[in-house]
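Trainee: One-letter residues, chain by chain:
There are 2 protein chains.
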Amino acid sequence: MTTLNELAREHCRPLRGSEHLLDSAQADSLLTCLPDWHVSEAGLLQKNFRFASYAATLLFVNTVAGLAERENHHPDLVVGYGRVTVSYSTHDVGGLSRNDFTCAAKIEALLRI
Amino acid sequence: MTTLNELAREHCRPLRGSEHLLDSAQADSLLTCLPDWHVSEAGLLQKNFRFASYAATLLFVNTVAGLAERENHHPDLVVGYGRVTVSYSTHDVGGLSRNDFTCAAKIEALLRI
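Those protein sequences? They're chains A and B, same order as listed.
At the far end of the first sequence sits residue 113, using full-length UniProt numbering, and the numbering has no gaps.
At the far end of the second sequence sits residue 113, using full-length UniProt numbering, and the numbering has no gaps.
One chain only, chain A, in its complex shape (with noise of 0.2 angstroms):
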C-alpha cells in the first residue's frame, strides 16, 4: 500500500504508451492515499480546494504551476475567486497515470507544510 508521503516523494516520468495507463483498480488503490481527491466522469484525476481570499487562491495558482514547471506535468486550474479544481491526467497514455497521482500527492503534502 503506497502511502501520501511515498507517492509525494516520487517525480514524474516521462511516460508515453497505453502500458502506463492506470486500470481502475489501480486508481483506485492510488486515490485511497489522496483526501477527497476522484476520478470525475470524464476520466479526470480532480479535486476541488476552497481559499479564505483571493490572495490565497493565487499563490495555491503559482505553487502548484510551480511544481507543474518542475515535473513538466501540467494540470488544468479552473480559478475563481476562493476555489480552484485541479484536473489532471496524462496525455501521452491517453488517460490516467502514475503521474497525475505523484502531482496530486505533491499538492496535498505541500498544503500540510
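Everything labelled a hint here was simulated from the structure, so no lab data went into it.
One or more hints might be untrue.
Here chain B is said to cover these stretches of chain A; the calculated rule only asks that three of the stretch's residues, wherever they fall, bring their Cβ under 8 angstroms from a Cβ of chain B [as the list claims (entries may be wrong)]:
id, stretch
1, 7 to 18
2, 52 to 64
3, 68 to 74
Pair ranges (Cβ atoms, derived) [as the list claims (entries may be wrong)]:
id, chain 1, residue 1, chain 2, residue 2, range
4, A, G66, B, L110, 21 to 27 angstroms
5, A, T3, B, L111, 43 to 49 angstroms
6, A, A52, B, E10, 26 to 32 angstroms
7, B, H38, A, A42, 19 to 25 angstroms
Where is the CB? At the ideal position from N, CA and C, for every residue including glycine.
Take the given structure of chain A and dock chain B to it, following the hints.
Mentor: Okay, now just chain B, sitting in the frame of chain A:
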C-alpha cells in the same frame, strides 16, 4: 460608440440589482470594441487566449488576477498549458454588467503594451 481605449480607462463600480443588467443590444454594442470576445451560451463574456509557454500563461493569469483585485471584479479562469479562457459576469446583477466589459477592455489594453 464606445472605443476600446475609452472602455479600458473606466473603472468598475459597485453594481447591484437588475437595473445594471445589460440587455443583449447593449452587450452586442460593447462587444464590437472587444476583439474575439463573445457572450457564451451560459451568458458569460468570454475569450480564449493562447500562449507560447507555460511561463507566459502564468504571467497572464497573474496580470489578470492583479487587475481583478484592483477593480474588485474577479473572472473565472480556465488555465491549461499555453491556454487560458477568461469568463466574466456580474453575480450581483444576475448577468452581464458594464463592469464585465470594462475588465475585458483592460485586458486587451494590457496585451497591447
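Trainee: So which hints don't hold here, by number, going up?
Mentor: 1
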